[in-house]
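Single-letter residue listing:
Number of protein chains: 2
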Amino acid sequence: MPRLVMKFGGTSVANLERISNVARHVAREVEAGYKVAVVVSAMSGKTNELVAWCKEAAPLYEPSEYDAVVASGEQVTSGLLAITLKKMGIPARSWQGWQIPISTDDAHGSARILDIDGEALGGSIDAGEVAVIAGFQGIHLPTRRLTTLGRGGSDTSAVAVAAALKAERCDIYTDVDGVYTTDPRVVPKAKRLDRIAFEEMLEMASLGAKVLQVRSVELAMVHNVRTFVRSSLVDPEAPEMANVEKAGTLICDEEEIVATQMEQQVVTGIAFSKDEAQVSIRRVADKPGIAAAVFGPLAEAHINVDMIVQNVSADGFTDITFTVPNADFERAKAVIETAKGAIDFHDVEGSTDVTKVSVIGIGMRSHAGVAAKAFEALAARGINIRAITTSEIKISFLIDAAYTELAVRTLHSLYGLDS
Amino acid sequence: MPRLVMKFGGTSVANLERISNVARHVAREVEAGYKVAVVVSAMSGKTNELVAWCKEAAPLYEPSEYDAVVASGEQVTSGLLAITLKKMGIPARSWQGWQIPISTDDAHGSARILDIDGEALGGSIDAGEVAVIAGFQGIHLPTRRLTTLGRGGSDTSAVAVAAALKAERCDIYTDVDGVYTTDPRVVPKAKRLDRIAFEEMLEMASLGAKVLQVRSVELAMVHNVRTFVRSSLVDPEAPEMANVEKAGTLICDEEEIVATQMEQQVVTGIAFSKDEAQVSIRRVADKPGIAAAVFGPLAEAHINVDMIVQNVSADGFTDITFTVPNADFERAKAVIETAKGAIDFHDVEGSTDVTKVSVIGIGMRSHAGVAAKAFEALAARGINIRAITTSEIKISFLIDAAYTELAVRTLHSLYGLDS
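For the record, the sequence lines run as chains A and H.
Residues in the first sequence are numbered from 727 upward in steps of one, following the working numbering.
Residues in the second sequence are numbered from 727 upward in steps of one, following the working numbering.
FYI, nobody ran anything at the bench for these hints, they're computed from the structure.
A few of these clues could be false.
Copies of the same chain are indistinguishable here, so a pair counts whether it falls within one copy or spans any two.
As the list claims (entries may be wrong) - Keeping only pairs whose Cα atoms sit at most 27 angstroms apart, straight-line, the calculated DSS-like set for lysine-lysine is: (1) K772 / K813; (2) K972 / K772; (3) K972 / K892; (4) K1059 / K1099; (5) K781 / K813; (6) K936 / K772; (7) K1013 / K1066; (8) K915 / K892; (9) K892 / K772; (10) K1059 / K972.
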């Protein structure tokens, strides 16, 4: 019998009515013949309440105690869902992270999963008992202390459990019904993707399509866990829910996509992020080691640098442009000013009023001219490109924020993504 | 270094301000040189909320899942108190029941403690780290499922931990400052007892002085755990708090009381319970096996029978009077009516408008005439006694409820308990 992991987030289990709805989703899959493990988050708002208490008790709270407090939220949901399933006549039991155990390192508050013992868990679900697993948490076995995986950790729990159980699929239920070619609020013609490759989803997720945590997609890619994003808000017994092909977006291996599509799409989606700030250093003396002099101090200050563009040197001087998260803009400029002695430049300037727009698709590997088409189309709309970076499966443009929607719509049409 | 267990209930940890107050109580004892383990309940109201969710999810909820849900309340408090202590510079860590472990049977919802491993726990506190223990909970080791001990279980947790740690004392902090000779709301002259024997406390607790769970007193008696009832509402740094002799009531072995008191009090306290109903069966044919015919069916119906009085038989018939909890009154009468074929009686009557008043004292063992004095005094006040039962250390009277306060005051004065 195939095994299935289902994951429900905080809004899907916000109250007992919604938990009952979740139970009906589970019932559908049990009836379809799956051996089911369900991973649940804390009821919406609970984690925030618990975190607030820790902060009120001590702004610099002990992380291991924070974990003991916060992990209680998922514990409650797991018990309540198990109770609800049993009322419906479905054998079920709750599993806390430490009971499985889900073994993690001791980085309290943002622990990483080391290993999941799928033995007892798998035996239990194969015997017909739905496992209701408290997400977001684990145990550091040497100290027997509770750990949590950090915000959004329940997605990671679900994918890791699916890998340990060798599940056929990991269904992530969320408040959207899948991954779209771009944000439908910006492009009403955006359409849901039936499938997207792990690599593409990683770019989509890290570029602002906040459907899944980047970390859980990485884990799914490494262990080749077929991860299916679908809506928890629809009627669990609606006919379309039984047809998985049409109910959401499957995140899977590139080969599975190639095998199922007659002709490969060149571009899969358009992502954008407004959380960008541009920093430009003007007239930098162009000498060996200059990049290290600039980016070393930024790394030491734990500032995450994304796009980096350095113009070809003219008359011994060059300009260096890079982007940082909006929140780090002022700090980044200050770091560069402080390092002026080592860098030797004319001045630093920049803007937080910029957006990064990215064109993503594994099909770009085998198609030339994808970038050139974009340059033309953006130029035709009078959109100035401040910086460009490319990788094998994406092209990113930094543009003025005011042009965000126009650029996204233009590129969405250009690559034939309008429905 | 002596070890000390401190226990704080739900109202003492109802919010972060009160938790901070609890931390100051702990700080005082740490400074006094104790190696401290603290047992905490869930924040006031939390357990009720969790129980309500379980009932809403399914009126006949699975007890093991109920335990998983409800045990989370104490988990939160233990983490928050540990955070607060560390902020004050006091080394501390939280311990969940399963981490110690506190091993219980699998009677989910009302589990009994089988064993507590004091090894790691004792080592930790001896090394100077305050142990903050989630009360009310344990683990059924064979299944690794969470268990809870039932309402008021945190008192039992505290006494059991004190026994496992061979603690010098188990301090139960509550919203009263000790055990009184009777309810001060009824008798303003009631005074706090410095000491009370385990056996006396058992009678006081089960008779309505709801300071401590009967079960925790039984456990304290069996393991000879000196249990000290004191107030959590006073200023933790108040001078009188350092003088344990004057800060509450010590529940201890009879010998410790005898050794410290010049002259033994005959009566220690007057307890009363309004949660009584009297059932009388009139003109029962007095033949062998009649008691079994009456009380067998009541036991089968899980009705708890307390006082039993059977008059001497006259003309082959007798009257049988017994008491049951108020809530079981109608059911008890119905059970007797149903058994009429087997019992052979004239009719069943009774009243819920009765009170049981008890005179308690280990000194009664060596003093004659204690009961006779009471009969005289009550008669002089015109109080009719419906039934009497006695044991080695108590005399109980069943009287009309209207006379409760008068009877309690009369007996309180009679035995020299007025302050």
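Against the structure, the hints:
1. Proximity of K772 and K813 under a CA criterion of 27 angstroms is satisfied in both settings, with 24 angstroms inside one chain copy and 24 angstroms between copies.
2. Taking the closest pair of Cα atoms, K972 and K772 never come within 27 angstroms of each other, the shortest separation being 33 angstroms inside a single copy and 43 angstroms across copies.
3. For the identical chains of this complex, K972 and K892 are intra-copy neighbours only, at 24 angstroms inside a copy versus 65 angstroms across copies, given an alpha-carbon limit of 27 angstroms.
4. In the homo-oligomer, the alpha carbons of K1059 and K1099 never lie at most 27 angstroms apart, since the shortest distance is 34 angstroms inside one protomer and 92 angstroms across protomers.
5. Taking CA atoms no more than 27 angstroms apart as the test, K781 paired with K813 passes between copies only; the shortest distance there is 11 angstroms, against 38 angstroms inside one copy.
6. In this assembly of identical chains, K936 and K772 lie within 27 angstroms of each other by CA distance solely inside one copy; the values are 21 angstroms within and 33 angstroms between copies.
7. In this assembly of identical chains, K1013 and K1066 lie within 27 angstroms of each other by CA distance solely inside one copy; the values are 14 angstroms within and 109 angstroms between copies.
8. In this homomeric assembly, K915 and K892 never come within 27 angstroms of each other (Cα to Cα): the closest approach is 37 angstroms inside a single copy and 72 angstroms across copies.
9. Taking the shortest Cα distances, K892 and K772 never come within 27 angstroms of each other, neither inside one copy (31 angstroms) nor across copies (38 angstroms).
10. In the homo-oligomer, the alpha carbons of K1059 and K972 never lie at most 27 angstroms apart, since the shortest distance is 48 angstroms inside one protomer and 64 angstroms across protomers.
Going down the numbered hints, you'll see the structure goes against 2, 4, 8, 9, 10, while the others check out.
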